[in-house]
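Student: Line by line, the protein sequences give chains X and R. Quick note on the working numbering: the first sequence kicks off at 8 and runs consecutively. Quick note on the working numbering: the second sequence kicks off at 8 and runs consecutively.
Chain R stretches covered by chain X per the calculated footprint, using a threshold of three residues with CB under 8 Å from any CB of chain X:
no., region
1, 289 to 297
2, 300 to 312
Derived CB-CB ranges, DEER-like:
no., chain 1, residue 1, chain 2, residue 2, range
3, R, A222, X, G202, 53 to 59 Å
4, X, E107, R, A270, 39 to 45 Å
5, R, N310, X, T296, 21 to 27 Å
6, R, T45, X, R308, 37 to 43 Å
7, R, K67, X, R308, 46 to 52 Å
8, R, S61, X, N309, 58 to 64 Å
9, X, R83, R, S376, 54 to 60 Å
In case anyone wonders, no lab produced these hints; they're calculated from the structure. Quick reminder that beta carbons are idealized off the backbone N, C-alpha and C, glycines included.
Number of protein chains: 2
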Amino acid sequence: MSVLPSGGETAPGGGPEDRAARVALTWLAEPGNRAVWTLVEQAGAPATLEQLLSGDIPDKRLRIAVAARAAAGDARRMAEIAIRRADRLGARLVVPSDEEWPRRIIDLATLQLDSSGRINSDTRPPLGFWVRGEWALGETLERSVAIVGARAATNYGLHVTGELASGITRMGWTVLSGGAFGVDAAAHRGALAAGGRTVAVLACGIDRPYPAGNAALFDRIADSGLLVSEWPIGAEPLRHRFLIRNRVIAAATAGTVVVEAAARSGAAQTMSRVLALHRPAMVVPGPVTSAMSVGCHEILRNNPYARVVTNAAEVLEEVGRIGEYLAETPRGPERRHDHLDEETALVLEALPPNGSATPEELAAAARLSLRTVLRRLSLLEIAGLVVRTRDGVALAPAPGRNRRDAD
Amino acid sequence: MSVLPSGGETAPGGGPEDRAARVALTWLAEPGNRAVWTLVEQAGAPATLEQLLSGDIPDKRLRIAVAARAAAGDARRMAEIAIRRADRLGARLVVPSDEEWPRRIIDLATLQLDSSGRINSDTRPPLGFWVRGEWALGETLERSVAIVGARAATNYGLHVTGELASGITRMGWTVLSGGAFGVDAAAHRGALAAGGRTVAVLACGIDRPYPAGNAALFDRIADSGLLVSEWPIGAEPLRHRFLIRNRVIAAATAGTVVVEAAARSGAAQTMSRVLALHRPAMVVPGPVTSAMSVGCHEILRNNPYARVVTNAAEVLEEVGRIGEYLAETPRGPERRHDHLDEETALVLEALPPNGSATPEELAAAARLSLRTVLRRLSLLEIAGLVVRTRDGVALAPAPGRNRRDAD
Numbered sequence: 008m009s010v011l012p013s014g015g016e017t018a019p020g021g022g023p024e025d026r027a028a029r030v031a032l033t034w035l036a037e038p039g040n041r042a043v044w045t046l047v048e049q050a051g052a053p054a055t056l057e058q059l060l061s062g063d064i065p066d067k068r069l070r071i072a073v074a075a076r077a078a079a080g081d082a083r084r085m086a087e088i089a090i091r092r093a094d095r096l097g098a099r100l101v102v103p104s105d106e107e108w109p110r111r112i113i114d115l116a117t118l119q120l121d122s123s124g125r126i127n128s129d130t131r132p133p134l135g136f137w138v139r140g141e142w143a144l145g146e147t148l149e150r151s152v153a154i155v156g157a158r159a160a161t162n163y164g165l166h167v168t169g170e171l172a173s174g175i176t177r178m179g180w181t182v183l184s185g186g187a188f189g190v191d192a193a194a195h196r197g198a199l200a201a202g203g204r205t206v207a208v209l210a211c212g213i214d215r216p217y218p219a220g221n222a223a224l225f226d227r228i229a230d231s232g233l234l235v236s237e238w239p240i241g242a243e244p245l246r247h248r249f250l251i252r253n254r255v256i257a258a259a260t261a262g263t264v265v266v267e268a269a270a271r272s273g274a275a276q277t278m279s280r281v282l283a284l285h286r287p288a289m290v291v292p293g294p295v296t297s298a299m300s301v302g303c304h305e306i307l308r309n310n311p312y313a314r315v316v317t318n319a320a321e322v323l324e325e326v327g328r329i330g331e332y333l334a335e336t337p338r339g340p341e342r343r344h345d346h347l348d349e350e351t352a353l354v355l356e357a358l359p360p361n362g363s364a365t366p367e368e369l370a371a372a373a374r375l376s377l378r379t380v381l382r383r384l385s386l387l388e389i390a391g392l393v394v395r396t397r398d399g400v401a402l403a404p405a406p407g408r409n410r411r412d413a414d
Numbered sequence: 008m009s010v011l012p013s014g015g016e017t018a019p020g021g022g023p024e025d026r027a028a029r030v031a032l033t034w035l036a037e038p039g040n041r042a043v044w045t046l047v048e049q050a051g052a053p054a055t056l057e058q059l060l061s062g063d064i065p066d067k068r069l070r071i072a073v074a075a076r077a078a079a080g081d082a083r084r085m086a087e088i089a090i091r092r093a094d095r096l097g098a099r100l101v102v103p104s105d106e107e108w109p110r111r112i113i114d115l116a117t118l119q120l121d122s123s124g125r126i127n128s129d130t131r132p133p134l135g136f137w138v139r140g141e142w143a144l145g146e147t148l149e150r151s152v153a154i155v156g157a158r159a160a161t162n163y164g165l166h167v168t169g170e171l172a173s174g175i176t177r178m179g180w181t182v183l184s185g186g187a188f189g190v191d192a193a194a195h196r197g198a199l200a201a202g203g204r205t206v207a208v209l210a211c212g213i214d215r216p217y218p219a220g221n222a223a224l225f226d227r228i229a230d231s232g233l234l235v236s237e238w239p240i241g242a243e244p245l246r247h248r249f250l251i252r253n254r255v256i257a258a259a260t261a262g263t264v265v266v267e268a269a270a271r272s273g274a275a276q277t278m279s280r281v282l283a284l285h286r287p288a289m290v291v292p293g294p295v296t297s298a299m300s301v302g303c304h305e306i307l308r309n310n311p312y313a314r315v316v317t318n319a320a321e322v323l324e325e326v327g328r329i330g331e332y333l334a335e336t337p338r339g340p341e342r343r344h345d346h347l348d349e350e351t352a353l354v355l356e357a358l359p360p361n362g363s364a365t366p367e368e369l370a371a372a373a374r375l376s377l378r379t380v381l382r383r384l385s386l387l388e389i390a391g392l393v394v395r396t397r398d399g400v401a402l403a404p405a406p407g408r409n410r411r412d413a414d
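Put together the whole structure using the sequences plus the hints.
Tutor: Here's what the structure looks like:
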């Protein structure tokens with residue numbers, strides 16, 4: 008069984024037949040289904056669809072579910088309709104063979120059943136994503152952080168979420184969340200307010216604003232970020248779909264932050280999946296007197312690897328530890344650092360003479376830890392030597408054009 | 008070198024000469040001094056005093072310090088005065104050979120120098136404690152938890168501290184703290200309000216209320232708990248003494264909780280010592296927007312073994328893990344649990360028919376983890392089957408005396 012996103016030799020995929028079959032399969036069975044995903048990996052989507060429609064399905068639960076859906080409509084016809092409607096909406100289908108497929112999502116194939124068999128049974132990778140928005144999906148998710156939390160967030164939670172999302176996008180990262188009221192909406196708003204990129208992953212068709220109160224927000228997200236869903240246009244936001252959707256939030260991002268969660272909330276499940284995927288599981292603590300922080304503290308107490316974070320810099324420090332996005336950048340020729348300590352000077356030297364660099368790029372270039380770079384950048388910012396930009400940080404303008412002109 | 012609290016064969020100690028020498032030594036050199044403590048362990052206090060007064064001191068720093076003190080007064084005479092003044096105050100000197108010597112404090116002898124040599128250089132065990140109050144020092148500290156934190160605590164910190172201290176003492180444990188405003192004072196007040204035992208460890212003579220605003224509080228503590236100090240009567244609260252005192256707070260208790268601390272506060276140093284002593288290091292989180300919680304979150308981020316706690320039950324769960332205070336108790340003869348699950352029934356069975364038991368005793372009797380016992384006790388309390396008492400928990404009175412009388 009191949010776990011490569013290309014789909015393996017027997018399922019090259021990506022053509023119209025493959026795409027239509029993936030849509031029909033998602034209509035026949037919920038995304039994440041272990042048996043369906045395994046068949047697609049082995050035989051490709053069209054052959055899997057054929058097999059499912061023929062009723063030749065060893066897994067009894069899946070057989071019953073598929074029979075019920077097949078009785079309600081013609082899967083191939085439904086897929087055709089969904090594809091046509093998506094076209095009119097300006098939405099596209101992204102499948103594993105596409106260049107913009109998010110490569111990190113394949114890690115869902117590594118999730119093992121837990122001892123209870125419940126939490127991780129239907130957590131296989133998606134067969135495809137419906138996407139609204141202009142950015143390439145994969146590139147956008149590459150440097151993304153999920154922010155999740157309570158619908159009934161307090162003012163504290165909404166404030167902290169907004170600050171986190173703004174800070175994360177200001178450092179050139181993407182924010183990702185669901186579409187709910189509370190923390191989800193505050194995360195998107197914070198990112199949008201900072202002029203940053205944000206991605207909403209829905210548990211229904213991307214033509215259906217759910218909750219309806221967030222319809223205007225979804226439009227703004229589609230305009231400057233991405234609206235994403237595994238479900239075909241028209242699919243309803245059924246309760247169980249939120250749990251299925253949550254696996255994508257955990258797997259598509261470089262790490263997940265929980266800001267406020269009530270006792271025994273779904274956030275704990277999301278966080279155990281994040282940890283199972285070897286991604287940073289980050290928790291914003293709150294007053295122990297607040298019911299909306301009880302779930303956060305539970306996660307911290309129950310998961311030794313969950314980490315306290317209190318601001319965007321700490322979040323980026325955690326996801327930066329993954330270290331897989333480091334890129335070598337040329338050193339700038341200027342030397343404006345005679346009065347600085349060595350580490351700070353190295354960071355300054357690593358900044359390109361024109362344009363921005365991300366802290367990760369600086370860490371790679373200066374051969375320093377991301378933690379050190381972030382600390383030194385704070386000092387340099389305070390000293391007025393660097394400025395934050397939309398894409399990271401840049402050298403501050405030289406002290407006065409006049410002086411440079413006079414040289 | 009013996010690390011037994013009895014003082015080793017060459018230093019049986021406990022007689023008037025030994026006591027007077029220990030007081031004189033504490034006057035000559037600050038408590039915790041590594042060289043002094045090692046000499047006392049090897050040769051006994053009187054011989055060590057003689058050696059120090061003779062000027063035969065290999066350690067240069069100590070030699071200079073002792074010479075300065077010796078020039079200021081006669082150490083033996085100062086000790087006599089201190090002992091006489093203590094007598095008048097109703098204070099006693101407790102030394103390692105005494106039955107009430109707190110046995111846990113010897114762990115300070117195991118603290119290694121850290122790589123910088125700074126943090127743990129003068130952290131040897133005390134030579135003696137001055138004590139005001141009626142409880143035996145050792146027995147009182149056996150089941151004790153330190154609560155430390157900011158002087159400039161917020162209302163949130165003061166509230167949480169009070170709740171923690173009340174809850175801890177209601178479960179039969181002792182609270183221990185310093186004598187400062189803020190968290191220290193709130194911890195003592197919370198314990199006193201619950202009718203519990205509390206211990207204040209001062210960094211000056213126990214005749215000197217410092218800060219003066221807490222004088223009335225210190226009197227209440229001496230009345231119903233203990234006032235403790237290593238320094239002789241009359242000693243001033245010099246700044247460096249608080250750091251020396253802090254090692255006692257960490258070592259005398261079964262675990263330490265930090266409620267509120269500013270960035271880079273002394274709490275972080277206390278907590279690294281707590282962890283070095285293999286005691287639970289517990290942290291109460293707070294709003295990430297509060298400057299008074301920044302230090303708490305720093306400790307959590309920098310110490311993977313520091314644990315989040317949000318209430319007294321969680322604190323006792325952590326210190327209960329040490330597991331060294333478990334005692335077997337007889338099982339009660341009653342069986343009132345036909346409708347309960349097995350673990351809950353075991354806890355109920357373990358309760359004595361008359362009087363109280365502590366959760367630790369129940370855990371030992373029922374052969375369950377303390378964590379399980381605390382959870383089951385909560386259920387039993389809600390169900391009205393057990394009640395909290397000053398000494399732990401007890402069976403609730405049978406449903407109505409009338410019924411029992413009628414039997």
